[in-house]
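Starting from the known structure of chain U, fit chain P onto it as the hints suggest.
Protein chains: 2
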Amino acid sequence: MSPTVIKFGILGCAEIARKVSRAITLAPNATIYAVASRSLDKATKFAAENSFPPETKLYGSYDALLEDPAVDAVYVPLPTSLHIHWAVVAARKGKHILLEKPVALNVAEFDVIVKACVENGVQLMDGTMWMHHPRTAKMREFVSDKGRFGDVKAMHTTFTFAGTANFLTNDIRVKPDLDGLGALGDAGWYCIRSILWGADYELPEIVTALPGPVFNEAGVIFSCGASLRWKDGKIATFHCSFLSHLTMDITAIGTKGTLHVHDFIIPFQEKEASFSLASESWFNDLVTGWVPKPSEHLVRTELPQEALMVKEFSSLVDAIKTKGSKPEMKWPTISRKTQLVLDSVKLSIEQGFVAIEVHE
Amino acid sequence: MSPTVIKFGILGCAEIARKVSRAITLAPNATIYAVASRSLDKATKFAAENSFPPETKLYGSYDALLEDPAVDAVYVPLPTSLHIHWAVVAARKGKHILLEKPVALNVAEFDVIVKACVENGVQLMDGTMWMHHPRTAKMREFVSDKGRFGDVKAMHTTFTFAGTANFLTNDIRVKPDLDGLGALGDAGWYCIRSILWGADYELPEIVTALPGPVFNEAGVIFSCGASLRWKDGKIATFHCSFLSHLTMDITAIGTKGTLHVHDFIIPFQEKEASFSLASESWFNDLVTGWVPKPSEHLVRTELPQEALMVKEFSSLVDAIKTKGSKPEMKWPTISRKTQLVLDSVKLSIEQGFVAIEVHE
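In the order they appear, the protein sequences are chains U and P.
Using the UniProt record's numbering, you'd call the opening residue of the first sequence number 1 and step up by one each time.
Using the UniProt record's numbering, you'd call the opening residue of the second sequence number 1 and step up by one each time.
Extracted from the complex, chain U is given alone in its bound form (with noise of 0.2 Å):
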């Protein structure tokens, strides 16, 4: 039996929906049925730019679309501020979400989206696709490797880019009223779900904004950091901007090994992408060299981890409309963690840098 193709209705016509879109399309088991806009217009522009099928549905509000009883799950590129509301309204329609990030304005707000999801049936998935490229796999297998890679100590991450001058004017990430996590919703949520990831998603003990964040006039979020420690003396930091040059780090540095990535969120090429790690290394007789030296790995993949994200989605929500699965609570509760960290940052910046007790 071959599976059941997932219908997906596109909520809003964002500049990332662009990349789900075609993410959507190269999945084998979802395709696109419907985009939805606040006007018929942009819908239709949308789908013509994007080569959608002629036979896609075009709403004209998102309403419309959700009441589309054909629509089995929605992508949900919409601003942060109205994740709450949409992302509830969908999941009573029964619709199946893949949430963009981050998730919510904070974690009371996310709690209310998973509670309207557990008393609708409908998986959540946030829309963070690193998570779902087989080298985050190969990573995680490094990292957990107890003989090579020993116990997690010490991680930093980083995501900057650097916005033009018409993005930190104008972009919806820049605006209190839309996404108004600004560079720490945006940038952050990847600095922070690295960390968790790297963490085997225990949440740290406390967090610790670090001094130097910059706002725009609207008191957004521009470029922050912070230090989290756990319970074990574990340790990590991260550095998130929208002033910097293209970055995207993960470190991770274990008793017996340590891991390096530079692409992690975006890999510097579709279907390929490496790391670095060493194991056991320790230096030559006269301390000139390192033995062994550090390895590159590569990892191929034939779908993007876009697609790989949705194909992966989708078979959730196959198993839920065809094998009476339960949704798959690992998503959304990766989701609450990140977002519970990012609240904290937020939090401990607001408070003048002081070290917040993160509490599940």
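Careful: at least some of the hints might be erroneous.
You can't tell identical chains apart in this list, so a pair holds if it fits in one copy or across any two.
To be verified - Listed next, the in silico DSSO-like pairs over lysine-lysine satisfying Cα-Cα at most 30 Å (straight line): (1) Lys231 / Lys326; (2) Lys326 / Lys138; (3) Lys115 / Lys330; (4) Lys45 / Lys323; (5) Lys231 / Lys93.
Just so you know, the hints here were simulated from the structure itself, not pulled from any lab data.
For chain P alone, kept in the frame of chain U given last:
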């Protein structure tokens, strides 16, 4: 006229002295003339084990070596707590000084050493070898290039290594009365120096230690980190440790470029070293790859970095001896700045991770 060959006396038979002795032999303008230990037996054994020339003078006390008028310069790998005494004695005897790092237990002690050197007209340089690798100059070119790198906005540097049980119990770097600054003085010295290097030696305005330092039972730091912030908004973090796998990273992010190096202190191999840089990278149209991708740059060197250090030091000594030049103050100045930031991190830890203002 061939350059004067500077006659070195080695003050103490530390492990690191093996590497630097070889460097003195390799440098074209330096030679091993004498070695002193607290016993003649130890000096004799060290000279034999490291294949010193048979004419090498062997001394059973540091004072005896410093009394030898033929000694031009001393290399001082003694425990940090002994630097102030022996560096001052050496300066008063007119010996030029290549001093291991950390240069002192604190800036006040270092100022006493600098004063003695200035009063006696002797060159002072610390033993931070990577400063002298031609790769470092190449990296500097990139970081100073406003067109390709822009202005530095954020840095992260790391030096960690996994000390053996024997190291963590018996090494001088874990003893409060010997190298009492522990991992901060040893590994942290490099992290701080590389951050200052990236900031073109401008001091940060504030330094804040990060939560989670680890100490041994005697209170010596085994692992710590800090956050630095400059007046212009530039920020940096570092992490140093005796408790995690070998890692030595500089990440420097500018407005237009990014620099990565993963072996900045001891290159993976002796005769060539590389770094990676990206300049004005952005995403392709669908945000599924980078344009351009970062590039790798290889720098070859015939002499290892520690021999280049000895060569540079010796040519400064030569200029003083034969041309009446003044000692080059650039080197003690950057040693002092490194120590000053190091002192601030220590103070911040002692005061419960408060922000410490750094004053020249």
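Is it within a copy, between copies, both, or neither that the alpha carbon of Lys231 lies no farther than 30 Å from that of Lys326? Neither, since 33 Å and 54 Å both go past 30 Å.
Quick one: Lys326 to Lys138, C-alpha cut-off 30 Å, is that within a copy, between copies, both, or neither? within (28 Å within a copy, 57 Å between copies)
Are the CA atoms of Lys115 and Lys330 at most 30 Å apart within a copy, between copies, both, or neither? Cα proximity of Lys115 and Lys330: one copy only (15 Å, versus 63 Å across).
Can you give me the call for Lys45 and Lys323, within, between, both or neither, at a CA distance of at most 30 Å? neither (37 Å within a copy, 78 Å between copies)
Pop the pair Lys231 and Lys93 into one bin, within, between, both or neither, using alpha-carbon distances up to 30 Å. neither (42 Å within a copy, 53 Å between copies)
Going through the hint list in order, the structure does not satisfy hints 1, 4 and 5.
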